[in-house]
Each structure stands twice: as C-alpha cells, then as structure tokens.
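> Based on the provided sequences and hints, a complete structural model is requested.
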Amino acid sequence: MKQMTRKATRHVNQNEGLIFEKSSPGKAAWKLPPLDVPEVDTAELLGASERKDLGNMPEVSEIEIIRHFTRLSTWNYAIDLGMYPLGSCTMKYNPRVNEVVARLEGIANGHPYQPEKISQGALRIIQTLSDCLLEITGMDAITLQPAAGAHGELTGLLMVRAYHQAKGNPRKKILIPDSAHGTNPATAAMVGYSVENLKSNERGMVEVSALEAQMNEDVAALMLTNPNTLGVFEQEIHKIAEILHAKGGLLYMDGANMNALVGKVRPGDFGVDVMHLNLHKTFSTPHGGGGPGSGPVAVKEPLEPFLPKPVVVLKGDGTLGFEYNRPQSVGRVRSFYGNFGMFVRALAYILANGPDGLRQTTEDAVLNANYIRKGLEGVYDLPYATPSMHEVVFSDKVQAKKGVKTMDIAKRLIDYGFHPYTTAFPLIVPGALMIEPTESEGKEEMDLFIEAMKSIAQEVEEDPQTVLDAPHTTRVSRLDETAAARKPVLRWRPRQG
Amino acid sequence: MRYLPKSPADRKAILEAIGAGSIDDLFAPIPAQYRLNRDLKVPRQMAESEIVDWFRQRSKESGLEYTSFLGAGAYMHYRPVIIDALISRGEFLTAYTPYQAEISQGTLQAIFEFQTMICELTGMEVANASMYDGSTAAAEAAMMAVRVTGRNSVVIAKSVHPEYREVLATYAQNQGLPVATAGYAETGRLNLREVEQAITADTACVLIQSPNFFGTVEDVAAIAEVAHKNGALLVVSIAEAVSLGIVEPPREADIVAMEAQSFGVPLGFGGPYCGVIATREKFVRQMPGRLVGQTTDRNGKRGFVLTLATREQHIRREKATSNICTNQALVALMVNIFMNVYGKVGLRELAKQNLAKTAYAAEQFGKHAEVLFARAPRFNEFAVRTTEDPYVINSRLLGHKLVGGLPLKKFYPELGNAALWCCTEMTTRSAIDTAVGLLAESEAEEPSGEHVVEEVAR
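Protein chains in written order, with this note's numbering: chain L, 597 to 1093; chain B, 26 to 483.
Certain hints may be false.
With a Cα cut of at most 20 Å, we get these calculated SDA-like pairs of lysine to any residue [as the list claims (entries may be wrong)]:
#1 L:K713 x B:E90
#2 L:K993 x L:E1058
#3 B:K344 x L:L1023
#4 L:K911 x B:Y416
#5 B:K326 x L:Q610
#6 B:K326 x L:A1079
#7 B:K377 x L:E646
#8 L:K835 x B:Y59
#9 L:K1039 x B:S47
#10 B:K66 x L:E959
#11 L:K896 x B:Q200
#12 L:K648 x B:E277
#13 B:K326 x L:W1088
#14 L:K835 x B:F52
#15 B:K307 x L:T915
#16 B:K66 x L:K911
#17 B:K434 x L:R922
#18 B:K85 x L:T915
#19 B:K435 x B:L397
#20 B:K66 x L:K1050
#21 B:K183 x B:T212
#22 B:K37 x L:I1046
#23 L:K768 x B:A197
#24 L:K970 x B:K344
#25 B:K66 x L:Q723
#26 L:K1039 x B:I39
#27 L:K768 x B:Q200
#28 L:K627 x B:V106
#29 L:K1050 x B:T212
#30 B:K326 x L:L614
#31 B:K344 x L:D774
#32 B:K344 x L:F1021
#33 B:K426 x L:L700
#34 B:K37 x L:E959
#35 B:K326 x L:R667
#36 B:K377 x L:V636
#37 B:K377 x L:P630
Treat the hints as calculated values from the structure; they're not laboratory data.
Here you go:
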C-alpha cells in the first residue's frame, strides 16, 4: 500500500474451527422444564418410525456457542463497519428501531392462522404498508406475498400471463434489455415465456426504434429496470410505454433501483403496469448475509383481479380481514401472507422518514453517486457519459492494459477497508465496476473511498502484482473456487477411525 | 432526517464539487411532466419513541396473551435467548450475500455448518443454504425432480399442507406440469392404492409430507418402494422440523423439502421462515438455491465459498435451475444456533416432550370427542371431530384467551366438524385441561343450534 489507508488497520481476530470439532458427549446448552404430563413410551407410540440416533449433531455448551458465532461474525464485513458500495444492491443503513418493533411480542409471536378478530394489529401493519407503497409507486393495488425480488418478478409475470390469458391469448415472449439482471430471463422462463433480447443504444438506454421494430402481438411485456443497471434513467420511458400499450403489451418495471426515485417520481405516473419492490433494498430491511428479502408487487387496476390470494380487505363491520374468494387470482406463491417481519421493518422505516425524509434520502443517494463519479472520472474509464442517478458504472479498460481486472481492483479495495463494488455486471460493460454508495454515506467515508480507488489505480501503474495478489490483510487469501466446484465438499464429515 | 449523515454544508460542498447548481439538476433526466412536485401522502416523520408506541399498540392487537393450539405449518416452540443476541450482531445482520469470500467467512462457515446439520437430521447427503419457505421448497423440489427424471408430471398427497399444494399448483401451471392428487386412507396415512393408480410412466415424483398435515407419520419406506418401482422420485416435505428429533427421517427419499421454522424462528404471522432442500449427491447439479463448499486459499488454509453457481440465474439466465436469488441466510442462522443449543441429545428430549403433551391431549380430547386417525403414529398434531361446529367451540375458547384448533372444513370438507390441534413443549397441562373442558361443555349436550357463529378462525 503506497500510502497506508486511513480507513482501516490490521487487527487480531480469533481462530475458530467448525462447531463439530468442539463437540463432545455430555456437553449441553439446553434445559427443559419438568414434564407436567405423563412420560410416554416412544417405542410404543412410534413403532418402526422411532428415531434412535441423531448422528453427528453437535453437543456443546452455551458459552461455546456464543464464542463460536461471535468469532465467526468478526470475519464478516458489514454495513455497520463501513461503506458497502455494491451496485444495484442498495446496501443502506438498517435502522435498529426496525429490529426492536419486529420483536414486540404480539408482532413476533402471532400465529398466521389465529382468528382475524385478534389479528387486527398485524392486519393493520399490512394495510398501512400497502397504502404507503401504493402512494410511493403511484400504482393501484398490491400484494406483499412474494418472499424476495425474484419471487416478486415471478408473481408479476404470472399476473401478466393471467391478464393476457383472460383476453384470450397469453402471448409468447418477454422483451428484456441486455443490461437486465439475470433473474429477469430466469423468471420469464419459469412462467413459460421465451425471452427476446433488446439491445441498448450508445447512451445505455433502450433503443426506441429497436423496440418499435421488435414489438408485436406476441410480446406479453417488456421487463425494464428503471433507472437501469447503468444507473441511467430511461428518458424515453413514455414512448416505451406507448409502444407497448399500442400493441396490447404491458410494461413491467423491476424496482431494484427504486432508491433513485422515491418521492421524486412515481412509476405509476410514467406508464408502468406492474412492478416489484425490494423491501431489503429501498426500504432498509437487513440483508442478513443473503436474506430474508421481501418483494411486493404493485399493479394498475386492470391487473388487480389476478393478485395472489388472499388479499387484505376492509370488512363491513370496520375490521380488516383476508379475502380468499378471488376467482381470477394467479393463486398462491407462498404459504401464509409473505415475509411479515420484513413488512414491519419497512413500515418502521417509512414512518421514521415521512415524506420529507423519503425525498431527502433519494436526493442524497443520487448526490452521493454523482460525487463518486466526479471523484473517479478520469481515473477509471466511464463507458457511458449519460447522467447517473443513484449508481455509476465504470470499466477496467485502463487497468486491463496492465493485466489488472475489475475483480482484482475489487479484492484490493478490501485491503483499504471497504467492501468491493459489484464486479462484471451489467454484462453490456466489459469489466464493469458498478458503484452504488446509497444515502447512508457521509462525505468523509466517500472521500476515503475515492482516495482508496485512486491509490489502487496508481498501484496498478507502479506495482500491478500487489493488486493481482490482493487481498493481503484478510484471514484467508483468494480462495480456490475452481477446486470447490470440481470436487464439491458441501458438508463436514467426521474423520474415519 | 436522523439516518442521513450529511450536514447542509456537506450537501452544498458536494453540489459544488460536482458542478451542479442545485439538487434538481441531478434529476433533470426525468422528464418534467412526470416529476412529483408535492409531498408523498404518507404519515409524517415520526420520532423513534412514537414509532415504538405505534407498533406496541399493534402488538397488543395481535393476539398478545393468548395461548394457542394452532400448528398447521407454523409452530410455537421456545426460542433460546442467545439466538437473538447472536443474530443481532451487525456483522451478521447487515452483511450482504457472501460473494466476496475473503470478508464473508463468518456467514460462509455458518452456512456450511447449517448444511451439515440439515444432512445429519434428514438423512440426506447434501443440503442447500435455504429457500424462501417450506411451500416454495416443496414446489422447487418437484421441479427439480422433473429435471432429474426428464418426466413431466407430479403426484402429490392430499395430506400435504393445503397451502403448499396451492403453491405447487401456481408454480406448475405454466410449465406443462400436470399434478395428480392421491388421497389419504382411514389411518390418515397416504392411500397407497391411489398412488399406484395415479402414477404413470411420466410421473417425475411422488410428493408427500411426513408428519403429514394431520400430524400423522407416513410409512415412507412403503411409499418410496411404490415411487421407485415406477421410476419416479420420492420427495418428502417436512413442515415440523422438531419431529426429526424422535421420528425416523425419510432416508428412502430422493429429495427432502423442509420448513425449519420450528427451529428457533418466531411465528411472526407467517414469515420470514426458512425452507431447505436436501438431496442425494448425484442430484446436486439439478438443485436450486445457494450452496457453500469447502476449499483452500493460496496458502492452503481452509476456507469456504459459494459454489456450483453455474446452476444459478446470474450465470445461466433463462437456463438456470431456478430464478431464486436470495436465500433466508439470517433465518437459517437462527435455525443453526437452535440446532447447536439442543444438539444431539436435546433435540430428542425436546421432541419427546412434544410427543408426551400431544399424547396426553389426544387422550383427554378422546374422552369427549372423536380423535381421528388414531391407528397410525403421530407427532404433535391430531384431528378432533366434534358434533358442534369447531368455529363455535373456538369462539367459546377465545373468551378464555385460548385459540382452539384449526377447523379443517375449509380444506377438507369431507372431515366435517374436525379441527387440527397442536401441542408443543410450550403447551401446559392446565391449558389442555381448560380447552378440553370447554369443548366438553357442548359435546355433553345436544347442540342447540342457537349459537351465533362468529368468524373467529380461518
């Protein structure tokens, strides 16, 4: 490291084996209360179905479990430690009050089948969040049932299909821009549609004339991310919607990048017919190392009959309840009502912000992305000069001449105390560096990031090997992913003999 | 806004640095006619204390202080306090998917241990890092069986959770995947003759649940034989994970699709929960969802990475095994910690308490009403048929702060006035006795038919 980074210093962390390596018979972290009913003869009750042995399940004490997971936790990077500039992932602050209210007893322990009469609080949370999300998106109706963004896409496209089917023809294909997230084509395939690629123009946007040429009555919908994965707002969105609607097609919006729009513009106002949101991106619910997410789907009026069931309704007696009698519904996409715990957190976030906070949040997110762009322009290649919204995409074109790729730069960033940006995506930018700072970064943290990225660019010029061998400061160096995939070891096994 | 770390002076400095006159300049790419020039109509900005108060009020309106006999895919078990203590660590809570392995070893090793324990408990060879929930895991398992066998239809037991069956129907509807249903016998177990009749040369799998929706433990070996004889796979869904402490796992299955909510995950009005798929090593490349594998770094040190990603959507796009992109990592971590707390001995003892409470309750209910499916082994649920409408009984129980069993007529009209009751280690003998007493009140006399049937359960 040329100038030692101001962001991070090496420090000792604890070694820790697998929990199974700590296990020995007789240790325990549990204690059950005395049984207040007669003991039973398990052999008599279960016969041949009785289990005799739990194999290699661990036997450990409570302090060992605490140390085990605390030690493991220190090996993770997290938003709580610093900037997490993953493009399209919207790694923003996860407010702690969200966690507190989600654990209030009635909210945490409500059974999904308990009577509606004693579930009015939970139903009101669902209703209030739904109303807020409809206002934010400018749409007419919503389901909170999908468990994640990709699950929302599935739900949305099922509704698209049902809508066309009700008109007599489900149609054959979905148009997807070449800049799209991989879930879009995977989802289209799951709903029985073929996928047709739509090329972006030199500004990184949908080429309207190409869309016009490709649009016909076989096209069920266009799946569009807006702002797209380059962080660029589709300026001709109204024309795009018109072209689709003229031939009876629908405009699906992937709301992954909604953090650029909340309080400033509403998809329902610019022609979107169906869209999903990611509560774990825009609405601050924690990523938790890969989930749980939540992917509500909002639609315009004509698609309302097709929402998954049940939907929450206000009943004649003024109470809230579930409506199951929905003959045109696409059905159920998940048991119960979705990831309710995430609704609680998202609503707490909306209440903490209010209209002014939501708008300021969006403005800060866009301001931050443009600050990073300004700071790194000229240092890294900017393949599209189109104005950035909430994220900016550079390429490794300059550094690749020295044999250093985007992944190498990303790994070196770890040594400077940052999580890497998104690498090698979107696919239309070879060697992409996709950076989304979110609103959660202050000027100081961004200045450190810019400084780190500039320092790495300098290292690429002077000492590329340092970057190629990065990271140097982590517990483990680069891991052999090829070996992991060739001969997969997917579980621990006790040593023989 | 208290979450935003910039002063007005910072914002001004940044605007100057990027050469923008005002923040509106940055939103210029949005066509003017679509820009929102008013406040969103959402509640005003609230103080933290107000937010806590608002939700505390909702908590009071959400069944607080009621004792419940509901199970049916969502189970009330005790959650050791160290679960929340550990998952609240920001390094777990606020980390992303562990794509950058060097700074994600904590999450990765935890998932590797999770996969191992799921294998130990289910009798399978490999398990994934989790799915959305038990219902989607079952549907994805059926689609996986289609890929493995190259066959194109599914036979599902009617005793699989009705909502799981609905989800499968939703997933299957556009994949040209006919789904046939096989009923249950008088014992509550799957009717093998109906399976034999439904199975064809195009059946990819037979999908059952054990313990099934009625709490009855299926004869998995016998069902496996029928499925395998016909070249189909056996997929076993497990909705009540605690059963694995005392009920023999479905070792004869080809795929296990599990809901692990019982292992330390709050009921939370239905989610988030933790689905898992486990299977045989030979099928791993057709498995959906994330997988963590062991490998070494450049110095030969043990480490863990996400692996076999070529199955997944970000590489394969429309040819992926599934569109699934997230897992339920933090919920899987709860499950993981729970499995460690109870471990090899505790899980069995815990399951035994569930068994004992349920056996006691079934015996007591049996004195006043008909306990169905009594001839086959069960775990912690049982169906009770009364002469009185179960909604009326539940209405009476509710007055005593008790939530009675789930009336089954919505899903199984042929069972008449039957309801599905569940007891766990949390259910006290006195709650059971009170519930039995309240149920017995009407069963002793002729139903008068004058009761106002309140809609008190779905």
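> Each hint should be assessed against the structure and marked as holding or not.
Checked hints:
no., hint, result
1, L:K713 x B:E90, "holds (14 Å)"
2, L:K993 x L:E1058, "holds (17 Å)"
3, B:K344 x L:L1023, "holds (17 Å)"
4, L:K911 x B:Y416, "holds (19 Å)"
5, B:K326 x L:Q610, "holds (15 Å)"
6, B:K326 x L:A1079, "holds (13 Å)"
7, B:K377 x L:E646, "holds (11 Å)"
8, L:K835 x B:Y59, "holds (13 Å)"
9, L:K1039 x B:S47, "holds (17 Å)"
10, B:K66 x L:E959, "holds (18 Å)"
11, L:K896 x B:Q200, "violated (26 Å)"
12, L:K648 x B:E277, "holds (16 Å)"
13, B:K326 x L:W1088, "holds (16 Å)"
14, L:K835 x B:F52, "holds (19 Å)"
15, B:K307 x L:T915, "violated (52 Å)"
16, B:K66 x L:K911, "violated (24 Å)"
17, B:K434 x L:R922, "holds (19 Å)"
18, B:K85 x L:T915, "holds (15 Å)"
19, B:K435 x B:L397, "holds (17 Å)"
20, B:K66 x L:K1050, "violated (43 Å)"
21, B:K183 x B:T212, "holds (14 Å)"
22, B:K37 x L:I1046, "holds (19 Å)"
23, L:K768 x B:A197, "holds (17 Å)"
24, L:K970 x B:K344, "violated (39 Å)"
25, B:K66 x L:Q723, "holds (15 Å)"
26, L:K1039 x B:I39, "holds (8 Å)"
27, L:K768 x B:Q200, "holds (13 Å)"
28, L:K627 x B:V106, "holds (13 Å)"
29, L:K1050 x B:T212, "violated (72 Å)"
30, B:K326 x L:L614, "holds (14 Å)"
31, B:K344 x L:D774, "holds (16 Å)"
32, B:K344 x L:F1021, "holds (18 Å)"
33, B:K426 x L:L700, "holds (19 Å)"
34, B:K37 x L:E959, "holds (12 Å)"
35, B:K326 x L:R667, "holds (17 Å)"
36, B:K377 x L:V636, "holds (8 Å)"
37, B:K377 x L:P630, "holds (12 Å)"
When the structure is compared with the earlier hints, violations turn up for hints 11, 15, 16, 20, 24, 29 and for no others.
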